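Quick mapping for you: the protein sequence lines, in order, are chains Y and F.
When we follow the numbering used here, the leftmost residue of the first sequence carries the number 10, and every step to the right adds one.
When we follow the numbering used here, the leftmost residue of the second sequence carries the number 6, and every step to the right adds one.
Read the hints as simulated data drawn from the structure, not as lab findings.
Remember, predicted model here, so these are calculated numbers, not experimental data.
Glycine residues also receive a C-beta, built at the ideal position from the N, C-alpha and C atoms.
Take the hints with a grain of salt, since some may be wrong.
Unchecked claim - Using 27 Å as the maximum straight-line C-alpha spacing, the simulated BS3-like pairs for lysine-lysine come out as follows:
1. F:K27 x F:K62
2. Y:K64 x Y:K82
3. F:K62 x Y:K105
4. Y:K64 x Y:K87
5. Y:K64 x Y:K79
6. Y:K82 x F:K62
7. Y:K79 x Y:K105
8. Y:K105 x Y:K87
9. Y:K105 x F:K57
Said to hold, decoys possible - Chain Y side only, calculated, beta carbon under 7 Å to chain F, not exhaustive:
10. Q53
11. G94
12. T120
13. Q125
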Amino acid sequence: AQTVTQSQPEMSVQEAETVTLSCTYDTSENNYYLFWYKQPPSRQMILVIRQEAYKQQNATENRFSVNFQKAAKSFSLKISDSQLGDTAMYFCAFMKQGPRSYNTDKLIFGTGTRLQVFP
Amino acid sequence: AAGVIQSPRHLIKEKRETATLKCYPIPRHDTVYWYQQGPGQDPQFLISFYEKMQSDKGSIPDRFSAQQFSDYHSELNMSSLELGDSALYFCASSLEWTRGVDEQFFGPGTRLTVL
Chain Y
10 AQTVTQSQPE MSVQEAETVT LSCTYDTSEN NYYLFWYKQP PSRQMILVIR
60 QEAYKQQNAT ENRFSVNFQK AAKSFSLKIS DSQLGDTAMY FCAFMKQGPR
110 SYNTDKLIFG TGTRLQVFP
Chain F
6 AAGVIQSPRH LIKEKRETAT LKCYPIPRHD TVYWYQQGPG QDPQFLISFY
56 EKMQSDKGSI PDRFSAQQFS DYHSELNMSS LELGDSALYF CASSLEWTRG
106 VDEQFFGPGT RLTVL
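Please model the complete structure; the sequences and the hints are all you need to start from.
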């Protein structure tokens, strides 16, 4: 069974600063995907960034980047130039490759990190 | 672009009543996932469908059932509701056989309150 652990229940950062959210996971799968989802007060689940396990290069999406350490099973999210709109709950999620090629499987979420950005 | 639609957005029921939640996936998406997110918790997988067949099952109570219809929309039926069923229920959809697009798109959720 796969597990996802987020050890930081809450984090805070000042606007324009950088913050890193931690995530570790456990799996025996070789083909899988990792995601960071943002859940603002509206409760909508918004995909922030994704990483394919077979890719060595860390994913980057504008101000968001990850540090993917496959051997250590670590997948941290760095938010640069933090903005007030980044205030939200952030979930790390794992998805193994589905039983059929090129398809999705259920997401396994961590318990989340609540990020507060202060002006 | 079209998104996942869930209805109703809010639902209030009494204990022991029945509720039906509906999910309309993104057009052409053939896979639907249901997740339950309790207050202050992370989303938990309930059940999924691919091409109208159940493809996986998680921690879904026997009181719950679901199906995917010929138009790919899905319904989650919940009977004998309990206070602990109060949660946000998400539906997510994805498209099989799309190389490089291994992603689930989430709907806005249905907030169920059981009194």
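Hint-by-hint comparison with the structure:
| no. | hint | result |
| --- | --- | --- |
| 1 | F:K27 x F:K62 | holds (18 Å) |
| 2 | Y:K64 x Y:K82 | holds (14 Å) |
| 3 | F:K62 x Y:K105 | holds (15 Å) |
| 4 | Y:K64 x Y:K87 | holds (18 Å) |
| 5 | Y:K64 x Y:K79 | holds (10 Å) |
| 6 | Y:K82 x F:K62 | holds (26 Å) |
| 7 | Y:K79 x Y:K105 | holds (14 Å) |
| 8 | Y:K105 x Y:K87 | holds (23 Å) |
| 9 | Y:K105 x F:K57 | holds (21 Å) |
| 10 | Q53 | holds (6 Å) |
| 11 | G94 | violated (18 Å) |
| 12 | T120 | holds (5 Å) |
| 13 | Q125 | violated (16 Å) |
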